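Visitor: Residue-level listing of the chains:
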Amino acid sequence: AQRVTQPEKLLSVFKGAPVELKCNYSYSGSPELFWYVQYSRQRLQLLLRHISRESIKGFTADLNKGETSFHLKKPFAQEEDSAMYYCALLYNTDKLIFGTGTRLQVFP
Amino acid sequence: NAGVTQTPKFQVLKTGQSMTLQCAQDMNHNSMYWYRQDPGMGLRLIYYSASEGTTDKGEVPNGYNVSRLNKREFSLRLESAAPSQTSVYFCASRQRGYYNEQFFGPGTRLTVL
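If you're matching them up, the sequences are chains A and E in order. With our numbering applied, the first sequence covers 1 to 108. With our numbering applied, the second sequence covers 109 to 221.
In short, the hints are calculated from the structure, not lab data. Do not rely on the hints blindly, as some may be mistaken.
Partial pick of chain A residues on the chain E-facing surface, computed with a CB cut under 7 Å [unchecked claim]:
| no. | residue |
| --- | --- |
| 1 | 44 |
| 2 | 99 |
| 3 | 100 |
Note that the coordinates shown come from a computational prediction; the quantities given were computed from them, not determined experimentally. Using N, Cα and C, we set each Cβ at its ideal position, and we do this for glycine too.
Could you put the whole structure together from the sequences, leaning on the hints where they help?
Guide: Here it is, written out as structure tokens:
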């Protein structure tokens with residue numbers, strides 16, 4: 001069965017420090033992975049998807065099939081990055097399974 | 109475009125009461141979803157609808173029913189609410205396509221006493 005694991009419930013860093021939010025997955029098919037973000041009092045929204053190989057708000061994520069990981073990284077954290085981050089895996093072509101989420105706190 | 113809308117925003121129920129959460133999308137998406145969000149559990153899929161007239165159970169369907177009234181609307185019904193159903197409920201929609209994202213509504217915060 002498919003599974004997404006985010007081992008950290010909370011990650012606290014100071015502004016300007018590097019950030020890495022971990023995500024590991026288990027899936028028998030070809031994985032399609034996403035990062036979603038939920039800022040305070042806002043709805044959940046897509047941050048980035050692995051297939052696009054894009055950088056959004058300075059965040060990047062690389063799919064490592066050997067380690068079954070899709071970690072989210074940013075070299076210099078900003079206070080406005082404070083939010084809840086969810087890693088998600090597409091399965092059965094049309095459903096997402098989410099990890100339990102990591103709350104990122106960036107202190108000034 | 110309003111995107112995905114949900115009503116109500118907040119609701120308090122007593123154990124055993126029933127209610128329906130409403131969801132609508134104006135993006136002409138085929139697929140719609142209901143999730144619940146609980147601390148430490150992330151988002152869990154309750155029900156899913158691939159198209160009008162079709163529904164499918166997700167991870168945690170017990171205690172819920174759904175109706176896909178038309179392409180726009182997907183409602184979630186609690187027939188006899190229980191305290192374990194206290195949660196934040198999110199509706200989402202998606203256009204079928206391998207790389208397409210899900211769009212989420214603002215959520216409904218439900219408390220069952």
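Visitor: Hint by hint, note whether the structure agrees.
Guide: Evaluation of the provided hints:
| no. | hint | result |
| --- | --- | --- |
| 1 | 44 | holds, 4 Å |
| 2 | 99 | holds, 6 Å |
| 3 | 100 | holds, 4 Å |
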